[in-house]
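Work the whole structure out from these sequences, hints included.
Protein chains in written order, with numbering that gives the first Met the number 0: chain A, 0 to 333; chain B, 0 to 328; chain C, 0 to 509.
In case anyone wonders, no lab produced these hints; they're calculated from the structure.
Check before you lean on any hint, since a few could be wrong.
[As the list claims (entries may be wrong)] Facing chain B, from chain A, some residues (calculated, C-beta under 8 angstroms): (1) D75; (2) D81; (3) N218.
No residue lacks a Cβ here, since even glycine has one placed at the ideal position from N, Cα and C.
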Amino acid sequence: MVNRRNFTLGTLAAAVAGAAAGSWSLGALAQGGEGRVVALLFDSLQSPFWVSSNRILKQKIEEKGWSFLEAVSSLDDAKQFDQVKSMLSRNVDGIVIIQTDANAVIPAIREANAANVPMVHFMRPPAESDAKSITIVADNRTLAGDVANFVVEEARRLGGLKACVLVGDLGDANSIERRDGFLDVVSAHGDVVEVVSTIPTEWDPDKAFSGLTNALQANPDINCIFTPSDFLLPQIEQALKIAGKWVVRDEEGHVVLAGFDGDEGAYQRLRDGFLDVCGVQNLFLGVDLAIASFEQVWAGSEPEATQMARGFVIDYKNMAERETEMWGYHVLNG
Amino acid sequence: MPNVQAIWRGVDRHLVSLGAAILVLALVLCVVAPGFASVTTLYDMALALLPLLILALGLMFVLLVAAIDLSITATVAMTSVIAASLITRNGGYLSGELGIVIAFVSFILVGALIGLANGAMAAYVRMPSFMATLGTYLLLGGAAVWYTSLHTSSSSIAGLPGAFSVVGRGSVGPFPIALLIAAAVTVLAWLLVNRTAFGRWLAAVGSGQEAARVAGVPVQFTILGAFVICGVCAGVASIILTARIETGSPVLASNMLLDVVGAAVIGGVSLYGGVGKIGGVILGVLLLTMLDVGLRLMGMSLFAVLTVKGLVIVLAAAIDGLRNRMARR
Amino acid sequence: MIKQASPLLRMSGIKKSFDGVPVLKGIDLELAFGAVKGFVGGNGSGKSTTMNILGGVLKADAGRMELAGAPYDPAGPTDARTAGISFIHQELNLFPNLSVAENLSLEDYPRIGGQMGVIDWRAVRSRAGAALRSVGLSISPDVEVSSLTPGEQQLVEIAKALTADPKLIILDEPTTSLTSREIDRLFGIVRELRSRNIGIIYISHALADVREICDEIIVLREGVVTDEGDVHSMVTDRIVAGMVGRSLEQVFPRRRAPEARDTPPRLSVKGLSKRGTAKDIGFDIAPGEILGLCGLMGSGRTEVARMVFGLDGYDSGTVAVDGIPLRPRNPREAIKRGIAFLTEDRRVEGVHLQQSIVWNIPLVRLSKEGRALAWLDPSRLAAEASEIARRTNVKAASLEALVSTLSGGNQQKVVIAKWLTLSPSILILDEPTRGIDIGAKVEIYALIAELAEQGMSVLLISSENEELLGLSDRVVVLEQGEVREVIHRADDRFTEAGLTIASSAGGSGR
Chain A
0 MVNRRNFTLG
10 TLAAAVAGAA
20 AGSWSLGALA
30 QGGEGRVVAL
40 LFDSLQSPFW
50 VSSNRILKQK
60 IEEKGWSFLE
70 AVSSLDDAKQ
80 FDQVKSMLSR
90 NVDGIVIIQT
100 DANAVIPAIR
110 EANAANVPMV
120 HFMRPPAESD
130 AKSITIVADN
140 RTLAGDVANF
150 VVEEARRLGG
160 LKACVLVGDL
170 GDANSIERRD
180 GFLDVVSAHG
190 DVVEVVSTIP
200 TEWDPDKAFS
210 GLTNALQANP
220 DINCIFTPSD
230 FLLPQIEQAL
240 KIAGKWVVRD
250 EEGHVVLAGF
260 DGDEGAYQRL
270 RDGFLDVCGV
280 QNLFLGVDLA
290 IASFEQVWAG
300 SEPEATQMAR
310 GFVIDYKNMA
320 ERETEMWGYH
330 VLNG
Chain B
0 MPNVQAIWRG
10 VDRHLVSLGA
20 AILVLALVLC
30 VVAPGFASVT
40 TLYDMALALL
50 PLLILALGLM
60 FVLLVAAIDL
70 SITATVAMTS
80 VIAASLITRN
90 GGYLSGELGI
100 VIAFVSFILV
110 GALIGLANGA
120 MAAYVRMPSF
130 MATLGTYLLL
140 GGAAVWYTSL
150 HTSSSSIAGL
160 PGAFSVVGRG
170 SVGPFPIALL
180 IAAAVTVLAW
190 LLVNRTAFGR
200 WLAAVGSGQE
210 AARVAGVPVQ
220 FTILGAFVIC
230 GVCAGVASII
240 LTARIETGSP
250 VLASNMLLDV
260 VGAAVIGGVS
270 LYGGVGKIGG
280 VILGVLLLTM
290 LDVGLRLMGM
300 SLFAVLTVKG
310 LVIVLAAAID
320 GLRNRMARR
Chain C
0 MIKQASPLLR
10 MSGIKKSFDG
20 VPVLKGIDLE
30 LAFGAVKGFV
40 GGNGSGKSTT
50 MNILGGVLKA
60 DAGRMELAGA
70 PYDPAGPTDA
80 RTAGISFIHQ
90 ELNLFPNLSV
100 AENLSLEDYP
110 RIGGQMGVID
120 WRAVRSRAGA
130 ALRSVGLSIS
140 PDVEVSSLTP
150 GEQQLVEIAK
160 ALTADPKLII
170 LDEPTTSLTS
180 REIDRLFGIV
190 RELRSRNIGI
200 IYISHALADV
210 REICDEIIVL
220 REGVVTDEGD
230 VHSMVTDRIV
240 AGMVGRSLEQ
250 VFPRRRAPEA
260 RDTPPRLSVK
270 GLSKRGTAKD
280 IGFDIAPGEI
290 LGLCGLMGSG
300 RTEVARMVFG
310 LDGYDSGTVA
320 VDGIPLRPRN
330 PREAIKRGIA
340 FLTEDRRVEG
350 VHLQQSIVWN
360 IPLVRLSKEG
370 RALAWLDPSR
380 LAAEASEIAR
390 RTNVKAASLE
400 ALVSTLSGGN
410 QQKVVIAKWL
420 TLSPSILILD
430 EPTRGIDIGA
440 KVEIYALIAE
450 LAEQGMSVLL
460 ISSENEELLG
470 LSDRVVVLEQ
480 GEVREVIHRA
490 DDRFTEAGLT
500 IASSAGGSGR
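And the structure:
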């Protein structure tokens, strides 16, 4: 998802920003209560998706009468490893972890195994290994396919679409699944949807913006865009405005816009008529699955190692009945 | 008592004030940050700051000759992926115990080679080290990612053997191996700076290159040596970091650069060259880390912590500037 | 000269303390219109404080000043300038990257059409032309200042001062960087200013210059006027006595006649050549001998020393110590073979100003072997340093003191101490007493003589002929990178006049 790897290492400014992100952290303590203690280890809190995940997790934990300890690694795997050790030495009962690197998290899982503490990877799977943990994943591929199906429907209605597909970081399994899920469906309907351009963004908003701007100049007839994450929507809006194509649904020049994640920006644009469809990640379900997994382990049973938090497609047609299930709706409306 | 005065004069004021600042900060944190005073927090903090300490010590050598190495964290990443590619169980070039020994050597060797290249540009081509190492920084940053992509389809090289990763977590008796390594680096650095001719050369080149040349100091060799030592330190820090996450990562330490420079400057190592003490660097690393941990424990946001850290670093650099101006008057 | 009722300047009972330490203890000074007054004193004598009070930079604690009969009490440097006082500092205040004309008009550009108008470049140039003529400088006003010789820059500075139409000019060490020809030109202008009834205060360490150009000389020591008189009565010994505070029989130590000359040379230089700098230079120095190197600036005297030491390269020739040539040609080789070199630029090349005395002294010895990992014992080094610092009589609160806090003379003693740790057999001294007060000079002279006595061979470079004559056994005269002649102590031309004639171009009719 919004796991932007800072491979550009561009300038000193990048170094400053890097140092900004790179510090050891032990988040705020919220101890108390007699119940269980769960550690929340995020790698960053820089996008709405993770901020919301964080908030919903805390909310559910408190509802259960447990408490939590928190730390943010600022995209530093070595630091996150220290944080895991530190949490284990504080005798937490469970760990929710969002690692940066799928490989680098393995030693941390082993530490948790050794201490007999369940570890849940939330919406970002680790690399395969002998270490044991529970992974809550989104059905990226299916959901992206469902989004594509809606796009195909729209294409039929509008008499064909020329699409531009943004792609995330190729080092991130999530972005590959979303790309493949979308393209598989669309290429099966090549008669109505033609993909004229794909833009590798490496999860970098600047690259997304410049790539899209160039694509719109090269192919002025692009009238459909798919983004694998909603956090790129502001850049897409900007690029479309420059091209004079930021037009609401059913008016001349509207670009069919398909999103993924379901954040508050997506909700707003859907409501305002600019976004047509969005693959919504079911954060609420994901959090419920994580909580249930902890309870199962504590009760002595063994939950599924990989659990799917099925998302759903929201579009302008079903928006009225399903918007309250969209996490972005709750961000916007408190 | 004249003796007391003499002793006071011999004491480094910067170190004393740093020590005092650390004590005050520790007291404040004990009161306002719940959990700071716990043994585990302090122990974890001590272990976590070791790579920063080794890097800051390495950078000190380069700062002593009035140069800078901006590629130090990129060197960490580069050595990490190269060594990892040698011994990874997923198609590494080497295996067995000998392979692991060679991997250790490769950390040091690759670090030294990068230092050698930086040093040669600074000493013989006479490029401003700022520019030369900024170039290396970009080059290594890109090369590390590219090199990784040759060995794996994922973004890092995993599957390092357990015999290697023991360095990151194992202990010898009550002493963690990482601590022993850092202690060895510190002692060696201290001996080099304070007990060898080379230590004097470093300061001589840094505080007056012309006078050093006339006095027969091998100026170019000294600059080269400082960069090689810095590169070796990056390699050693990389051993600990890589072993800790059992993964060779091309972005390892990528956000530590300002902390490294900051810790050295807070520790009284002058950006103008010629001045720097091991004790100061240790205290600088400690202060910066405590600040970071403590402020977070107090519940400050990442950005607030950054602002405070930035302020402290700017303050330290300003003090350095003022001291330098006074000395030149 | 027109007799005026009141003098141009009268300072009486000037007192000044810094942090309760009295620096001036009641200075009285009088300067007539059209007079040149030499103002001499060692470091810390109060010279510069007095001049800063006169120039409005500092305020006196007590005392009065009158300028042309009227009370004068400047609130700042601008007041002093308006009152007609121009201060020409030792460090010139010209902008090197601007043209001469721009420098001369910098403070108020003539403009076409009032204050906000465009600059009238024609007026700028003609004004500059007039100013340059007034100091007899025949250069184009359009050249950049950086391309001028130090002497020409000095004259431009004077020309600039003259544009303000001053009554009184203070010249601070004006001759340090000038060749003797340029000094002659400067003195010509000073005389010309005197004839225009302008008063001049001439500050200098170079007593010979002071005696040549001044009408009267006033001597300061520790904030008190110790002696004063007209130039005829103020002979060098009297001036020195006033500065140093004790009667000196002689500034220079007595030199014993050199020993029998059949010993092989310690240092021998043969056929040293470098395009544009040196041509076939050769000389020998015997053990215990002091060889002077005399020549104008640009004659190659400093360059020869740097080549001998291996700091600069050369095209051909050999430098040999005890008959064995130096190879490779670099400072460390020279050091290994026992050559010590006090460079001309003490502050940049001689010492590490920001390091302590005890740090500076052992540096050469620690570099000599070139062994990076050579073990070093700080307490032993400190003991050796303090021993050798005592020998060269370094005066400092502690050996931990930074060299930057020392006076020029003491800094130079640190440099000498540093080289003595080598126990060198050859000592090259390039302007060893430049910018050093007379007290320290005397000590350094004695030290040089003592070292030679012990068998050290000394190559002494100096722009002060007096110094060469006082110390050397022989003097090699250089001109435009060539050895012109060698004058022995026994020669009847071994005099100031003799050296001056020999070293100035065309002097011996060749």
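Legend entry - Numbered hints the structure breaks, given as an ascending list: Hint 3 contradicted; others consistent.
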